[in-house]
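A.B. asks: Listed below are the residues making up each chain.
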Amino acid sequence: MRTEHQSLIFELSKPGRVGYSIPDLDVPEVNVESIIPSDYLRTEEPELPEVSELQIVRHYTALSNRNHGVDSGFYPLGSCTMKYNPKINEDVARFPGFAHIHPLQDEETVQGAMEMMYRLQTSLAEITGMDEVTLQPAAGAHGEWTGLMMIRAYHEANGDFNRTKVIVPDSAHGTNPASATVAGFESITVKSDERGLVDLEDLKRVVDQDVAALMLTNPNTLGLFEEHILEMAKIVHEAGGKLYYDGANANAILGFARPGDMGFDVVHLNLHKTFTGPHGGGGPGSGPVGVKAELIPFLPKPVLVKEDDVYKFEYNRPQSIGRVKPFYGNFGINVRAFTYIMTMGPDGLHQVSENAVLNANYMMRRLELHFDLPFTQHCKHEFVLSGRRQKKLGVRTLDIAKRLLDFGYHPPTIYFPLSVEEAIMIEPTETESKETLDEFIEKMIQIAKEAEETPELVQEAPHTTVVKRLDEATAARKPVLKYSKQA
Amino acid sequence: MTFRYLPMTDQDKKEMLETIGIETTEELFKDIPEEVRFKGRLEIEEALSEPQLVKEMGRLAAMNKNTKEYASFLGAGVYDHYTPSIVNHMLLRSEFYTAYTPYQPEISQGELQAIFEFQTMICELTGMDVANSSMYDGGTSLAEAGLLSAAQTRRKKIIVSKSVHPESRDVLKTYAKGQRLEVVEVDVENGVTSINELRNAVNEETACVIVQYPNFFGQIEPLKEIEEIIHENKGMFVVSSNPLALGALTPPGKFGADIVVGDAQPFGIAQGFGGPHCGYFAVTSKLMRKVPGRLVGQTVDEDGKRGFVLTLQAREQHIRRDKATSNICSNQALNALAASIAMTAFGKKGVKEVAHQNIQKAQYAKKVLEDKGLRSAFTGPFFNEFVIELKCSAKEVNQTLIESGIIGGYDLGLSYPELKNHMLIAVTEMRTKEEIDQLANVLEGLSCVQNISH
Numbered sequence: 001m002r003t004e005h006q007s008l009i010f011e012l013s014k015p016g017r018v019g020y021s022i023p024d025l026d027v028p029e030v031n032v033e034s035i036i037p038s039d040y041l042r043t044e045e046p047e048l049p050e051v052s053e054l055q056i057v058r059h060y061t062a063l064s065n066r067n068h069g070v071d072s073g074f075y076p077l078g079s080c081t082m083k084y085n086p087k088i089n090e091d092v093a094r095f096p097g098f099a100h101i102h103p104l105q106d107e108e109t110v111q112g113a114m115e116m117m118y119r120l121q122t123s124l125a126e127i128t129g130m131d132e133v134t135l136q137p138a139a140g141a142h143g144e145w146t147g148l149m150m151i152r153a154y155h156e157a158n159g160d161f162n163r164t165k166v167i168v169p170d171s172a173h174g175t176n177p178a179s180a181t182v183a184g185f186e187s188i189t190v191k192s193d194e195r196g197l198v199d200l201e202d203l204k205r206v207v208d209q210d211v212a213a214l215m216l217t218n219p220n221t222l223g224l225f226e227e228h229i230l231e232m233a234k235i236v237h238e239a240g241g242k243l244y245y246d247g248a249n250a251n252a253i254l255g256f257a258r259p260g261d262m263g264f265d266v267v268h269l270n271l272h273k274t275f276t277g278p279h280g281g282g283g284p285g286s287g288p289v290g291v292k293a294e295l296i297p298f299l300p301k302p303v304l305v306k307e308d309d310v311y312k313f314e315y316n317r318p319q320s321i322g323r324v325k326p327f328y329g330n331f332g333i334n335v336r337a338f339t340y341i342m343t344m345g346p347d348g349l350h351q352v353s354e355n356a357v358l359n360a361n362y363m364m365r366r367l368e369l370h371f372d373l374p375f376t377q378h379c380k381h382e383f384v385l386s387g388r389r390q391k392k393l394g395v396r397t398l399d400i401a402k403r404l405l406d407f408g409y410h411p412p413t414i415y416f417p418l419s420v421e422e423a424i425m426i427e428p429t430e431t432e433s434k435e436t437l438d439e440f441i442e443k444m445i446q447i448a449k450e451a452e453e454t455p456e457l458v459q460e461a462p463h464t465t466v467v468k469r470l471d472e473a474t475a476a477r478k479p480v481l482k483y484s485k486q487a
Numbered sequence: 001m002t003f004r005y006l007p008m009t010d011q012d013k014k015e016m017l018e019t020i021g022i023e024t025t026e027e028l029f030k031d032i033p034e035e036v037r038f039k040g041r042l043e044i045e046e047a048l049s050e051p052q053l054v055k056e057m058g059r060l061a062a063m064n065k066n067t068k069e070y071a072s073f074l075g076a077g078v079y080d081h082y083t084p085s086i087v088n089h090m091l092l093r094s095e096f097y098t099a100y101t102p103y104q105p106e107i108s109q110g111e112l113q114a115i116f117e118f119q120t121m122i123c124e125l126t127g128m129d130v131a132n133s134s135m136y137d138g139g140t141s142l143a144e145a146g147l148l149s150a151a152q153t154r155r156k157k158i159i160v161s162k163s164v165h166p167e168s169r170d171v172l173k174t175y176a177k178g179q180r181l182e183v184v185e186v187d188v189e190n191g192v193t194s195i196n197e198l199r200n201a202v203n204e205e206t207a208c209v210i211v212q213y214p215n216f217f218g219q220i221e222p223l224k225e226i227e228e229i230i231h232e233n234k235g236m237f238v239v240s241s242n243p244l245a246l247g248a249l250t251p252p253g254k255f256g257a258d259i260v261v262g263d264a265q266p267f268g269i270a271q272g273f274g275g276p277h278c279g280y281f282a283v284t285s286k287l288m289r290k291v292p293g294r295l296v297g298q299t300v301d302e303d304g305k306r307g308f309v310l311t312l313q314a315r316e317q318h319i320r321r322d323k324a325t326s327n328i329c330s331n332q333a334l335n336a337l338a339a340s341i342a343m344t345a346f347g348k349k350g351v352k353e354v355a356h357q358n359i360q361k362a363q364y365a366k367k368v369l370e371d372k373g374l375r376s377a378f379t380g381p382f383f384n385e386f387v388i389e390l391k392c393s394a395k396e397v398n399q400t401l402i403e404s405g406i407i408g409g410y411d412l413g414l415s416y417p418e419l420k421n422h423m424l425i426a427v428t429e430m431r432t433k434e435e436i437d438q439l440a441n442v443l444e445g446l447s448c449v450q451n452i453s454h
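The listed protein sequences derive, respectively, from chains A and B.
Mind the numbering: the first sequence is residues 1 to 487 in my numbering, read in order.
Mind the numbering: the second sequence is residues 1 to 454 in my numbering, read in order.
By construction, these hints were calculated from the structure, which means they are not laboratory data.
Don't be surprised by glycine CBs; every beta carbon is placed ideally from N, CA and C.
Hints may contain errors.
When the alpha-carbon atoms are kept at most 16 Å apart in a straight line, the in silico EDC-like pairs for lysine to aspartate or glutamate are as follows [said to hold, decoys possible]:
(1) Lys478(A) to Asp129(B)
(2) Lys348(B) to Glu11(A)
(3) Lys367(B) to Glu29(A)
(4) Lys13(B) to Glu27(B)
(5) Lys434(A) to Asp10(B)
(6) Lys305(B) to Asp471(A)
(7) Lys352(B) to Glu33(A)
(8) Lys349(B) to Glu45(A)
(9) Lys395(B) to Glu107(A)
(10) Lys292(A) to Asp438(A)
(11) Lys234(A) to Asp261(A)
(12) Lys14(B) to Asp438(A)
(13) Lys14(A) to Asp26(A)
(14) Lys162(B) to Asp187(B)
(15) Lys434(A) to Glu18(B)
(16) Lys433(B) to Asp26(A)
(17) Lys352(B) to Glu44(A)
(18) Lys348(B) to Glu47(A)
The calculated label-pair distances, taken between Cβ atoms and stated as ranges, are [to be verified]:
(19) Val305(A) to Glu43(B): 16 to 22 Å
(20) Val305(A) to Glu302(B): 56 to 62 Å
(21) Ala239(A) to Leu414(B): 40 to 46 Å
(22) Asp24(A) to Glu43(B): 56 to 62 Å
(23) Phe313(A) to Glu23(B): 50 to 56 Å
Please construct the entire structure, taking both the sequences and the accompanying hints into account.
C.D. replies: Printed below as a string of structure tokens:
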């Protein structure tokens, strides 16, 4: 990483420079004022930068040098599945027949794209054990909302308008309760027990005739498999509710267990996590949703079907929740995910989860000697440590995270789940080698030692990054959200 | 079989199992109850080697008629525009695309600064005070603007013009259903929102009026009149805008818009069969703390050095959970980066020149089509799209056009029954005079077109 001052692109601007090239106008020019009323013709020019092509290239190259991705180094960000993003995926997604086709072309002219989508949705249905999959949702949270809207439509189609509640565990991702709100539900929290699993007694207490659904991540955000999943499904189903599977942690169970077999009625997957559509610095993702047969009528429109070897978008779906997104989802990410599934096949995907889980358990067993481990059973693809031992020495989890930056690592997810004090959530993924894990473990042990011997070294970290810790309080109190020349 | 993405060797596995103190990996999966263990082999397609995979995916891609090989006059919200070569080169800097949300600002300054610059450029183009880091696309961004308006005004009725993209209106209706909000559609007159109907529809229960500028038919909506109607009733004025058009047109901010949304696809983002694109969301400073999604702010580090962070996070789902302003988490960061690079490459001069070329070429196309005897449906000013009347279905016409190497316009009958046999034609800076003339010539030769002038 480079440490010098980094200009904003606007600060490089000088009138007269350009970074583009288009042909001169080749049609007879008309006076624009004669065709567009003057009130609607822009007079004040937007302050976009005026820079040359090389300046742009240097600028974004410099910015990339100030950013850490999976290709830069280990990125054990829990619940985010920061696995390797295959380069072939990027090549395939850029084939002109995928990248440069218009969503409203006649269906006969895009059968290859539709075939790809169909094969992907069929594969995802098999992987999750569901009956049908829609590829439309743009990301995980969008999938959650889509799924909940379908559950609501299902209940309402049964004349059941009083199911106002969605239950989420206290360890759930923040998107779960937020999606419940956007779908018009009230969210109710169910507690975890001392083993980090949903407390069955508490679940029985909160489940009643008002429950529309239970949202669950399995394995949960502590990386633990909800062993009582069948009892939970029974409790919810007997009360007339549906089970929603948040696929954020699906990387743990590919070929080992399927949400559809666990009693889940609706599932979303994060293709940018488990299926290597890159994370992109925060999207675009893709959040396909799978459903059991009785929810198929409620799938968002259009539904992709195959009839006599011809692929069609079906719009005549009277019970559908409607459209959730213009066109057909984040197609480009879906191309990448399909490319990945075709690379791995059934045995490869099984091995993915096996190795992801083995990597996580290996790290957990080595690190539990140096950090507190609140839940000691075998984990799945991730585990959560507590930094409470170090906290007593005056070193917070935040400090540990910042110290890891000095060693070239992206830190784990911290302070989540909320149920663990000073949480450190580590997800190594299957694409990391044992050597990488060992080096990271050594650095974690070193930091634990530093916390005892030279705590200020950790407290004052990072020491080697392009900027030191940033003043977030001022950023929020006096927000500066855009560049202006005067400032 | 060995897999190139999986580095674990048998020796590694043995050592790791020993450290854990177990014999086989099977023991790690014992917590999955026997009844739900998947014991079969997934029935998905067998793995392919890299060369086989390239061949198969190449086969699927080759089945699609693409706009690199065909001259496209299809727009309707997604456009074939010039993308500077550097956009793709910079996007492939893998420090960007293999990173996630910049939770650790010290090692994410590149992404954070790029978003800050994106926010600035969107504000400049739209004439607004604050823009977020992106939304999924123009349609969901528009729907979120409806929800924000309802929350802010505590009113339940959203009014949307029928000249707004039909698919965006459909998305809005789905979102509104979730929040139990009412969506009322206002009719179109000569291709723009009917001012009389709008005046009748808006009252003190109206949360917002949503219009598109330029609208779905390419027409320039009378924002001035619309603004007065909604603000007299203290509702919010929401404008969905093609940001490229704002290189030539007065920005919605100047007309008093409270929220401006849209899709940055025209800036360096491939059509990609409809996604991923890049929604944007811009507001007045009054609404800053109500914005959905991520915002990047400028600050300083411990040494006083400028830096950037995610800010105002108290609005967001990971902090506020069920009280968040939206459930959005992952958005379209990489596409916002693509749009930033394209906007930077165009710059102040380019965005104006490209926008004006769109206007000129669309004007020319409309004229040559009219000269061939085709009738335009509307008479008002327009940006890069216009509507022509046919004697047969647009689908039939398109089937002939494709044989001449042309992807024809959008069949308006699909979403507007009253516009059966009408075609929406888009002409961007990518279309040459020759291609436009060819379109006119092919259309002229069609029997179902010829009848019109007679």
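A.B. asks: Determine for every hint whether it applies to the structure shown.
C.D. replies: We went through each hint and held it up to the structure:
1. Lys478(A) to Asp129(B): holds, 14 Å
2. Lys348(B) to Glu11(A): holds, 14 Å
3. Lys367(B) to Glu29(A): At roughly 12 Å apart (the allowed maximum being 16 Å), Glu29(A) and Lys367(B) satisfy the hint.
4. Lys13(B) to Glu27(B): Status holds; Cα separation ~14 Å.
5. Lys434(A) to Asp10(B): holds, 11 Å
6. Lys305(B) to Asp471(A): holds, 10 Å
7. Lys352(B) to Glu33(A): holds, 15 Å
8. Lys349(B) to Glu45(A): At roughly 9 Å apart (the allowed maximum being 16 Å), Glu45(A) and Lys349(B) satisfy the hint.
9. Lys395(B) to Glu107(A): With Cα atoms ~11 Å apart, Lys395(B) and Glu107(A) stay inside 16 Å; holds.
10. Lys292(A) to Asp438(A): violated, 42 Å
11. Lys234(A) to Asp261(A): holds, 13 Å
12. Lys14(B) to Asp438(A): OK: Lys14(B) and Asp438(A) at ~15 Å, within 16 Å.
13. Lys14(A) to Asp26(A): violated, 29 Å
14. Lys162(B) to Asp187(B): holds, 6 Å
15. Lys434(A) to Glu18(B): holds, 13 Å
16. Lys433(B) to Asp26(A): holds, 6 Å
17. Lys352(B) to Glu44(A): Within the cut-off at roughly 11 Å; holds.
18. Lys348(B) to Glu47(A): Status holds; Cα separation ~6 Å.
19. Val305(A) to Glu43(B): 16 to 22 Å: holds, 20 Å
20. Val305(A) to Glu302(B): 56 to 62 Å: At 58 Å between Cβs, range holds.
21. Ala239(A) to Leu414(B): 40 to 46 Å: holds, 43 Å
22. Asp24(A) to Glu43(B): 56 to 62 Å: Holds, at about 57 Å.
23. Phe313(A) to Glu23(B): 50 to 56 Å: Holds, since Phe313(A) and Glu23(B) (Cβ atoms, about 51 Å apart) stay within the stated range.
Violation of the numbered hints given earlier is confined to hints 10, 13; the remaining hints are satisfied by the structure.
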